[in-house]
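Start from chain H and add chain B according to the hints.
Sequence order for the protein chains is H and B.
If you're matching positions, the first sequence starts at 1 in UniProt numbering and goes up one per residue.
If you're matching positions, the second sequence starts at 1 in UniProt numbering and goes up one per residue.
Careful: at least some of the hints might be erroneous.
Which copy is meant is left open, so a pair is good if it fits within one copy or across any two.
Straight line, CA to CA, 16 Å or less: simulated EDC-like cross-link-like pairs of lysine to aspartate or glutamate [said to hold, decoys possible]:
#1 Lys290 - Glu171
#2 Lys139 - Asp270
#3 Lys139 - Glu159
#4 Lys290 - Glu190
#5 Lys295 - Glu154
#6 Lys240 - Asp113
#7 Lys139 - Asp70
#8 Lys295 - Asp166
#9 Lys309 - Glu44
Just so you know, these hints were derived from the structure itself, not from any lab.
Protein chains: 2
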Amino acid sequence: MHAHRQLAAVALLAGLLAVPAFAANSQTATPTRAELLARSGAGEWRTPDPHNLLVMQLPTGRVLIELAPDFTPLHAANIRTMARQHYYDGLAIVRVQDNFVTQWGDPAADDDDPASKPRSLGKAQATLPPEYTRPIDPKLEWTPLPDGDVYAPEVGFSEGFPAARDPASGEQWLTHCYGMVGVGRDIGPETGSGSELYVVIGQSPRRLDRNLAIAGRVLQGMPLLSALPRGAGPMGFYDKPAQRTPIESVRLASELPPAQRPAVQVLRTDSATFAALLDAQRHRHDAFYKVSSGKVGLCSVDIPVREAKTAQ
Amino acid sequence: MHAHRQLAAVALLAGLLAVPAFAANSQTATPTRAELLARSGAGEWRTPDPHNLLVMQLPTGRVLIELAPDFTPLHAANIRTMARQHYYDGLAIVRVQDNFVTQWGDPAADDDDPASKPRSLGKAQATLPPEYTRPIDPKLEWTPLPDGDVYAPEVGFSEGFPAARDPASGEQWLTHCYGMVGVGRDIGPETGSGSELYVVIGQSPRRLDRNLAIAGRVLQGMPLLSALPRGAGPMGFYDKPAQRTPIESVRLASELPPAQRPAVQVLRTDSATFAALLDAQRHRHDAFYKVSSGKVGLCSVDIPVREAKTAQ
Numbered sequence: 001m002h003a004h005r006q007l008a009a010v011a012l013l014a015g016l017l018a019v020p021a022f023a024a025n026s027q028t029a030t031p032t033r034a035e036l037l038a039r040s041g042a043g044e045w046r047t048p049d050p051h052n053l054l055v056m057q058l059p060t061g062r063v064l065i066e067l068a069p070d071f072t073p074l075h076a077a078n079i080r081t082m083a084r085q086h087y088y089d090g091l092a093i094v095r096v097q098d099n100f101v102t103q104w105g106d107p108a109a110d111d112d113d114p115a116s117k118p119r120s121l122g123k124a125q126a127t128l129p130p131e132y133t134r135p136i137d138p139k140l141e142w143t144p145l146p147d148g149d150v151y152a153p154e155v156g157f158s159e160g161f162p163a164a165r166d167p168a169s170g171e172q173w174l175t176h177c178y179g180m181v182g183v184g185r186d187i188g189p190e191t192g193s194g195s196e197l198y199v200v201i202g203q204s205p206r207r208l209d210r211n212l213a214i215a216g217r218v219l220q221g222m223p224l225l226s227a228l229p230r231g232a233g234p235m236g237f238y239d240k241p242a243q244r245t246p247i248e249s250v251r252l253a254s255e256l257p258p259a260q261r262p263a264v265q266v267l268r269t270d271s272a273t274f275a276a277l278l279d280a281q282r283h284r285h286d287a288f289y290k291v292s293s294g295k296v297g298l299c300s301v302d303i304p305v306r307e308a309k310t311a312q
Numbered sequence: 001m002h003a004h005r006q007l008a009a010v011a012l013l014a015g016l017l018a019v020p021a022f023a024a025n026s027q028t029a030t031p032t033r034a035e036l037l038a039r040s041g042a043g044e045w046r047t048p049d050p051h052n053l054l055v056m057q058l059p060t061g062r063v064l065i066e067l068a069p070d071f072t073p074l075h076a077a078n079i080r081t082m083a084r085q086h087y088y089d090g091l092a093i094v095r096v097q098d099n100f101v102t103q104w105g106d107p108a109a110d111d112d113d114p115a116s117k118p119r120s121l122g123k124a125q126a127t128l129p130p131e132y133t134r135p136i137d138p139k140l141e142w143t144p145l146p147d148g149d150v151y152a153p154e155v156g157f158s159e160g161f162p163a164a165r166d167p168a169s170g171e172q173w174l175t176h177c178y179g180m181v182g183v184g185r186d187i188g189p190e191t192g193s194g195s196e197l198y199v200v201i202g203q204s205p206r207r208l209d210r211n212l213a214i215a216g217r218v219l220q221g222m223p224l225l226s227a228l229p230r231g232a233g234p235m236g237f238y239d240k241p242a243q244r245t246p247i248e249s250v251r252l253a254s255e256l257p258p259a260q261r262p263a264v265q266v267l268r269t270d271s272a273t274f275a276a277l278l279d280a281q282r283h284r285h286d287a288f289y290k291v292s293s294g295k296v297g298l299c300s301v302d303i304p305v306r307e308a309k310t311a312q
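One chain only, chain H, in its complex shape:
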């Protein structure tokens, strides 16, 4: 009984993630994510342009964010300008709202104290045009996800990011999935700059799509942003300054010495292995799963990231 309990416990762990290691029919079981990735070809992976890769250093570790200049070019340029000026260094994570977002920026800008001095944006723009959507462009990757979506007429992947589009309006846009990084703004649409950014840490708040600019996606380090204590103030803002997590630095990978550049690769969303991963998620057949979902939701797709063997 003890031995059985142990086996049961181990298998249970595997079971919740549907790792078919213990499956009786493992010969015919759906391949796992690890198995599919192990079979992938080198050409199916892309190395993010270091000019689009932000390295945010927290006391707890490193967060990598890939910018999305095909969708938000003005914001990417402004964020690059701020990073080059070391604008973000010494700022902080000021807000963590459960099942919604973690947000960082200048605490002095969120402060009611008239003595607070928000940091200068220097050569960066204080406000930018919205960039909530962009025209559909056949030159951009469009890998459709044919499974349907509640919020958009069409969804899929574009240039490695989860995205949606509406052929009727001719627009496409990035979607507020887990790990996507958006640009905080004021009431008016032309009031964001990238000086305050947020990342989605819960169920995807798709109602924000087309209402906020999406600057990019966290490639590594999500647990450093998602597991922070929730703020007790309104909307998850920390009500005590000591609760804020300081940002040690934010650098563009292209500004770092080559030896210090993060060496990561992202699976191409137009690759055969990515398609196989989606299919394995839709049609899972193994001893654990009684029924397969037959479908995969856009924000349930975790685009694989791996350490590269050598720095760029």
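Structure of chain B alone, referenced to chain H:
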């Protein structure tokens, strides 16, 4: 400029949650959640049966879980038996996997050490029939959500929980939305008992629907489960015992002295106010939102819970 920055910062905070306090057209703006709840009638709220309400005490605070005996009656009964025996007292949160689940149970059951002695289940059953779905029953509440769904033919709310159904098969089931509590199990379908439970802490893993029994929903205390450090072991299990969060106790509210019973109410999912909340989420018109989504996804709905004025 400083004053402007301050206003901008304050408005930005409001803006991300679309609180229209600063909206120029606030006369005609969509009412906020708080406004709609303030107008609700007393009869639109229900008090969870204390026989279905679990009170889990952690060192960091209290988590309330409402059981769902209309969907998983055998599991509810078994969990009640374990709670009455104080089975869970002194167990621990053993796993936190980012963007997936937080899981608790008997650490000794997850241990490879043959000297580990899993706790006795006493009068509780060690395994139960699956209870992944149940027959559609017109006597149960069914409040349809007509917005569509990627995973199920029909979705909506049943007895206060997010749910799905398939008229073709005659089945209905609870869905793996944020905050829903599921029953960990072994590979075989009749291997769960409720001794190991998990809660969804990220994007809803709807592929698990109809593959695992859902025991209920966290009504209060999600941040105590979602903000925990992620485990560094496989699948988010803690690789060091010291990282586990101990469970001080789990009690049925009905077993507590009346003065100690939590006094909470849940908005009825078949109420007019709940319908108005969904509609406000679909069709948001205020100065912040450029476009309204027109739709609301099942797992994007946060069913309101409030403190009651007096204990039950």
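Violating hint indices (sorted, rising): none
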